[in-house]
Amino acid sequence: DTEVTQTPKHLVMGMTNKKSLKCEQHMGHRAMYWYKQKAKKPPELMFVYSYEKLSINESVPSRFSPECPNSSLLNLHLHALQPEDSALYLCASSHPGGRGPQGRGTDTQYFGPGTRLTVL
Amino acid sequence: AQSVAQPEDQVNVAEGNPLTVKCTYSVSGNPYLFWYVQYPNRGLQFLLKYITGDNLVKGSYGFEAEFNKSQTSFHLKKPSALVSDSALYFCAVRDNAMNYGGATNKLIFGTGTLLAVQP
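Chains as they are written, first to last, in my numbering: chain A, 1 to 120; chain B, 1 to 119.
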């Protein structure tokens with residue numbers, strides 16, 4: 001099973017709201033990722049968690065706050081977003097580099113269906 | 001700098017004809033290359049990857065890709081296109097330049113190629 005689930009599918013929020021995006025996987029992966037994707041553009045990496053610790057933050061504004069409560073769950077907390085933050089937010093998971101069955105850095109990232117976020 | 005290029009924004013092909021979606025790369029060290037497909041309003045689906053071994057890699061849904069080291073290319077191919085193959089295709093390469101201390105699976109994506117298969 002290579003399934004990554006994300007909730008909600010769609011989210012509309014005002015600039016003063018606080019909301020959270022959720023991601024879950026049960027593939028035993030210990031690396032989880034958040035990406036932001038604008039229409040017809042490639043995904044842009046935001047955060048990477050490896051063994052439940054934040055290992056990459058791609059200079060994301062503090063209005064986005066990631067959280068990895070356990071090895072299967074990844075959250076993205078949203079607060080005071082701007083209209084330009086409207087996008088498809090994708091979660092992915094993989095074995096971390098050097099820990100997968102096929103060796104260092106070779107393991108595939110599996111993506112969830114995404115949450116379509118609209119900020120009004 | 002490491003990079004991936006997909007020179008065609010869009011590829012048009014008639015159903016039943018062979019298709020090719022082009023990708024070239026520039027990386028330090030060994031290239032680890034991936035193809036993903038994205039249908040409208042969906043996440044990315046993994047198609048295939050090249051790590052080492054045979055230059056011809058077979059993947060999902062009848063797709064294959066040919067790794068060419070001398071031309072630094074990893075073109076995606078399918079012998080007979082289906083209308084249902086119409087989607088956005090991304091080539092990606094693992095970022096070998098940085099050591100992220102255990103999470104070294106950062107991918108560098110190409111800009112994407114929209115494949116349109118006409119019936």
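Hints should not be assumed to be uniformly reliable.
[Stated by the list, open to error] If we take Cβ atoms under 8 Å as the criterion, some of the chain B residues that face chain A in the derived model are:
#, residue
1, Arg42
2, Val57
3, Tyr61
4, Phe63
5, Phe67
6, Lys106
7, Phe109
8, Gly110
Calculated directly from the structure, the hints in this document are not laboratory data. Please read all numbers here as calculations on a predicted model, not as lab measurements. Just so you know, even glycine gets a beta-carbon here, dropped at the ideal spot from N, CA and C.
* Which numbered hints fail -> Per hint list: 2, 3, 4, 5 violated.
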